[in-house]
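Student: With chain H held as given, fit chains S, P, W, L and F with the ligands onto it using these hints.
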Amino acid sequence: MINNVENITVDNLLDKVASKMPLGFRFVTMTCVDCGEHFDILYHFDKNYELSNFRLSLKKGESLPSISGLIFAALVVENEIQDLFGVKVTGLVLDYEGRFLLTETAPERPLCRVPGVMMVEAGKPAEAAEVK
Amino acid sequence: MMDKINWTQWIIIAVSLVAAPFIGALIAGLDRKVTARMQGRKGPPVIQPFYDIIKLFSKQPVALHKLQILYAFLHLVFMMLVVVFLAMGQDLLMILFAHAFSTICLVLGGMSVRSPYSRIGSLRKIMQMLAYEPILILIIVAIYLQTDSFLASSVMSMSKPMLCSMPLLFLAFLSAVAIKLNKSPFDVSTSHHAHQEIVKGITIEYAGPYLGIIEIAHFYETAILFFIIMMFWQTNLYIGFGLETLAFLAILILDNTFSRLTTTWMLKYMWSIPLFLSIANIIWLWSK
Amino acid sequence: MEIMSFNILLAVLIIAPVVFGVVAYLSPDKLRSMSIILCSVIVAAAGIMITIKPNNQFELPGSEMIATILEVAIVGIILYIAVTIRNWLILLMSLAQLGMIIAEIILAQTGHAVTHSYDFATDPLTKILILITSIVGPIIAVYAIGYMKSHQEHAPPTAASLGQFFFFFIAFLGFMNGLVMANNLKWFSFFWEATTLCSYMLIGQDGGESKKNAERALLINTFGGLAMVAGALWLAVENKTESFEGLLAAKAVIPMVLLCVAAFTKSALLPFQSWLLGAMIAPTPVSALLHSATMVKAGSYLVLRVTPGFHDSPKVMMVITIIGALTFAGAALLAVTQSNAKRVLAYSTISNLGLVVACAGIGTPLAYAAALAIICFHAISKGLLFLCVGRIEQKIGSRDIEDMGGILYRMPVTTSVALIGMMSMLLPPFGMLLSKWMAIEATIRSPLILVFIILGSALTVFFWSKWIGRIQTSSYHPKFNKESIDPAMGFSLITLALGVLLTGLGSMWIFNKFFAPITKQVFAGRTDISDVLWNVFNAAGDFAAVTLFVAVGIAFIAYWLLVWRRFKETDVRLPFLCGENAESTVYTTSAFHNSEGIRSYAFRSMGDKIENSWSSTTYLKNFICEKKATIWLNIIAWVIIIILLGEAHLL
Amino acid sequence: MFTIIGNVFKNLRSKYATRLYPYEVRTPFAGARGKLEIDPDICIYCGICAKRCPANAIAVTRKPDKTWTLDPYRCIVCSYCVEVCPKKCLHMNPKHRSQE
Amino acid sequence: MFNAVSKSPWVVHFNCNSCNGCDIEFLACLTPHYDVERFGILHIGNPKHADVLVVTGSVNNRNARVLQNVYNQIPDPKVVVAMGVCTSSGGVFAGCYNILGNVDLVIPVDVFVPGCPPRPEAMIDGIVKAVGILERKRKGEIFPTAPKPLCKFKPSEEQSAEKTAIKEEKTV
Amino acid sequence: MAKNTIIPFGPQHPVLPEPIQLRLVLDEERVVSAIPVVGYVHRGLEKLAEQKDFLQDTYLIERICGICSFIHSLTYSMGIESMMGLTPPPRAQYLRVIWSELHRMHSHLLATGLLADSFGFENLFMQLWRTREHIMDAMEATTGARVLLGTCCIGGVRKDVSEELLKSVLQTLVTVEKELDEHMPVLLNDYSVKQRLCGVGILDKQVAYERGAVGPTARASGIAMDLRTQGYAAYGELDVEPMVETDGDCYARTKVRVRELYQSLNIIRQAIGKIPSGSINVPFKTKPDGEVISRAEQPRGEVLYYLKGNGTDMLERLRVRTPTFANIPPVLAMLAGCELADVGVIVISIDPCISCTER
Ligand code: NFV
Ligand code: SF4
Ligand code: SF4
Ligand code: SF4
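Chains as they are written, first to last, in our numbering: chain H, 1 to 132; chain S, 133 to 420; chain P, 421 to 1071; chain W, 1072 to 1171; chain L, 1172 to 1343; chain F, 1344 to 1702.
Don't take every hint at face value.
Said to hold, decoys possible - For lysine-lysine, the following DSSO-like pairs were computed, each having C-alpha atoms within a straight-line distance of at most 30 Å:
id, chain 1, residue 1, chain 2, residue 2
1, L, Lys1325, W, Lys1134
2, L, Lys1308, P, Lys988
3, W, Lys1166, F, Lys1502
These aren't lab readings, by the way, just hints derived from the structure by calculation.
Chain H with its partners taken away, still in its complex shape:
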């Protein structure tokens, strides 16, 4: 479904990413998906409107080396992933320490799936407001 996916590992991540830029690829973004046991982290690159992706599967609890040293633009999205998924990203150029989008009062790791709980009740129905 997604074309041009190459699986990579934490160890060769930096090399792989570094090899992309000289080929004229533009860093588009990263996507993190919680797959239960592990996170799928996708790195999207673009050249001539053609996406090419890396897929890194990261075990929960493992930390992710930052590519922001190679590609400054990754800084924002890495900070976001660190916030929303609780993935520790190491070596960030500018580390917001998990306070990029969220504050102390916000829930932690909101985008992680909690096993068992698939859906939180989204919003209250109108009666709730009425009762109040």
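Tutor: Relative to the frame of chain H, chains S, P, W, L and F with the ligands by itself:
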């Protein structure tokens, strides 16, 4: 000397002190109305500034600390003093000083608070002063060259309209007025309605009645500036009034056709073209 | 009341400080303070007494000889210093100086008769300077007692002893008094060199780095000394006179110009300003006394002394005026770029001295009166400001203006006093403004000068208001801190502040009562000069002064009634920080920048961390750089000086 | 410089563009989504609208009595409910809510 | 006097959490076609000068304190106008993890303007209403947070007594 | 020497229409460093989208941002459609193009207007927004809403537009074009505007590429990149060229927008000329399953949706990478060394949309 003031002069002083802010407010109201019309809007009523002032005085008096407000008072009082001096036809330099100190008080008030935006605005205000003050002084020099006197009242003794002998200075003066009224492209230190990178700049920390005081001082200032414009055609009040209208429109058009430029640009501009014009005018007068 | 004759007063004024200086040098700490205070009282009393006495003259039998010996001695000392510090330029110049003195002696021996005149005299101009020296001087001396106590604790090991410091400090008062009263150029040169020496020793007080700056001061001032001796020699050879009286009578342009160059060095006008800036390394009382209130005034005094005779050399006068005006504007411009408080003060001093010289150069009565007024008001205000800065510096450990935010709360007394001092430099109704007003009105006929003066005034306002803005910046405090001040310092600060306030508030009155008559006296019998502005100015000034008082009074009363009394703590708001103000009512007094009462300038920033906002003041970095501007200004000034010399030669 | 001046004078000459809203009300566009209205008599209280509403703005009860409640302070005026209602008893009134 | 307060409401606008829909509609109110300056309204940008706080969007964890600060900096009397359903309930975002909810959780609100986004006309209505409240607040009246009435409908058969009356019955 | 000035620029700042804080360190008025502090508009919409069904999500997704809402729902729909293998009918595709371009026009007018406001040209702001109002009217007439159109749905569009309405849209475009002809010279040639825009906030091509700039920001730096040329929706049948400038300063960015305004005019005209008749959506029964990336050209640049479905009503993951998100690192490069007065101008010149960025 105080004892030498007769009762007519007292009345003149009183009337001008009362009338000046009204005139200033009216001009401000017209300004807003005409600006709106220039932008294709209906705009507020002409007496809007009066509503604003009354409203400001009915607000809670909040401030950052007490010292700040003293400067607002001084700002107003010095402005009023300028009006008194003008009404008395006093020494022009003294008038200029009083005016400058009024502004300085505003600056000091802005700088007395620990608010970065206010302080940046104040510094820019000083830059503005640096930009327009030489022109004002040169106007005084020009008047002196023609009348051999520093007295404001001596202007009336000139037989020909001032504009005839100082046309270039008049143009330069219009730039100065635009700065004083914080009009584009010179609205760097504060500005009335535009959204600025330093928010409200120098007046940002004044609120409620204290802002009202500053606004009133601004009305005084507006009245003073327009009075000076009128003085450029001192021989005929109607023409003077016409001149004033023209100047008013010119400044509004300037405001509406320019973006806000930077402080650096302002300094460079004011120290080149208007200053050059003024000096040219002075040299011309000098050689006459 | 002839309790003390003029001669005795004169002697007291000149000799007593030197004697007390020696006492101070020899005695232990306690006694030293006592002797300084005693000396201060005596000098102040004598100074006041001599001013209320009518003008008088004094001739010392054999003074020629004494003066020459003293002069040779002092040049010898300088020579010696030059040798020890191995500065060949100074050596060369003092040798030349010595040569000229000897030439003069030889001339006298070979029967080249020189008309004698009295040696010392008082006249209104002298009296003003005596008043300054003997009132402001002692006050600063008292301050120095307190200041030096803690200064010496932190001074580097290379520093000279307190005894030596106070010797030169006190003795200087005597030299200064002698200098202003001397009519004979020999005496004048002696005192001139003596003040140079004092200045040198005091600048180098702390040893190390300061020695270098002292050396520069010595170098430049020796150059001035050289010019002065050359002038005297010329005068003696060509015009057969060696007194100011003779000089004025003979209208000798070249000596006058040479004397003026000497004056420029001492007053640190452009292009000689560098030594005064270097001198700021000295302990603050020194800066206050020598380098702003008194010694540097010797230069402008000299110009004021010699110029009234030269109205028929308008070109020379014009060039002098231009140098003054250039200095006024240039130094103000440089002051804008400075954040070091003492350097700002130094530049401001230079700037004001420039204005005095410019006024002297204009030479109309109004300008002359303005010059007198500036000398007087400036001395008090600037002395006060230096004292304040010294105290602030000792307290906060920095002389950077940027570090002075919030001191209004920490040291309310000193800061208020400093505020008074600064306001007196630029706000009505204080005297400085008045003088500037006069200066502008007086220069109206020479547009070039006027442009300089306008620019200078604008820039002056700029740097002062920046500074005032910085030190009064504060947050809301329910109560002010209690400030503990060393009694000696406190006394000086308060007296001077009162002085500033009183002279400031009464500036118009003082002007009409003192400066105007003096000027009239100076210009008495001069029909070639008329000053139409004079009367107008007086009338306008009166009206302005009265209304100003009324207005400011109204403002204060209204403020007190409407705001001060009614202001509630609940009306306090935090500053606008784009809505990200951090917690407000946390009171801390720990680290310096947090001793701000309500921590209102804190905001939340990256990663929710609380940070303090800060706004620095502008130093026009985009427009000017001190170094480059200095070079350009110096070049211009040198060109003008060369023109001046050429002009003088042609006449 | 002064490139906009023609426009300025044009504006000065011509009437302002302002619609004097509270005094003169413009007729809304046909089909504008102003506010959601229901014809309670046609409604069968099936609750489909309530289930589909992306903002949970509708509550439908059948017991104890039939009510259809809209929280206008929750409704995002998307008209999705109008689309899904089997009885087509919902419709969008082109007037906006505070204009009643 | 002259009801001056209601004739010169100066507005500060804080975009809390909005999707910009309400924001741009509010800005559109300033522009020639709507021109709220007719009512003396100035978009002043500085809470210290403002009388009216216009909020768009719901409150989230980070901006709650900002909203609070902005509100506190406005001198009394002041009113708050909440534009859009986000402000009144969180709108479509209710239930997002970072949304705290309606604006009146943090500051008292005087007028809620429903709609997503409300039309400029609706916003003008809201501000005009708020301005009336402003004047009354100056006189010392105290206002509770504005209500958010529900629209409740019942089949009209059941309403035997008044058949037509209840088209839109309002309850709090 | 003097300490540097440290100020927060935002979140509540009149120049910034949206809350973002730039922690500025200034030397006098020159920016030494700028650090963005975000999270003021973070809602957590990605999570909520996983909790609503994929049809409701259309409306939720629209509300990521009120300025570029239509293209959001369009991209989302395209993603779901490709997951489910649907092809919307051609009329729907054309309508999508028309609305997209109307949106782009209103967004560009808005952005340039705000830009004018940020450098203090109030009048220009008013005039541009006045022109924009015509487009808003056109949108309201065709869809029923001014801002959040709510007309894009999975499988097509929800609402057909009658021929008359399309004609009236053309009519509107004539007015708009006339007014654009009047205002665009001001934006492009006025002395004072040029003073504020030319040479300010320069982003050179290399930096733009390295920092991943997109949209007008990238195009102004000489990177020819416009996803519309890839021919999604009906763009394939229309004439679309990326508008490229090379200077990379605020002026170039404005110029790109101005040219795109005319381009959009042109595209809408083409589309209205070519629009076929027929149905406007396709029915479907399937549920989204699998992973897909969907991209489209927003007014501010490329938006990327990553969608992951699992065959149920709920999506498993929905991730949005909006153009402003990609443009934040470039804007930091532009800010370094600029004047305080230009900070607002530079930030607005990339036309930031924080609510898109933070979702
Ligand atoms: N264009 C656009 Fe968006 C999107 N996606 C983005 O930054 O406006 Ni609110
Ligand atoms: S879907 Fe229609 S019929 Fe069913 S409850 Fe809602 S409005 Fe009534
Ligand atoms: S219009 Fe939309 S939000 Fe409103 S009730 Fe219907 S479905 Fe819900
Ligand atoms: S109410 Fe609607 S338009 Fe307004 S901010 Fe909320 S979602 Fe956006």
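Student: Mind listing which of the numbered hints don't hold for this structure, in increasing order?
Tutor: none
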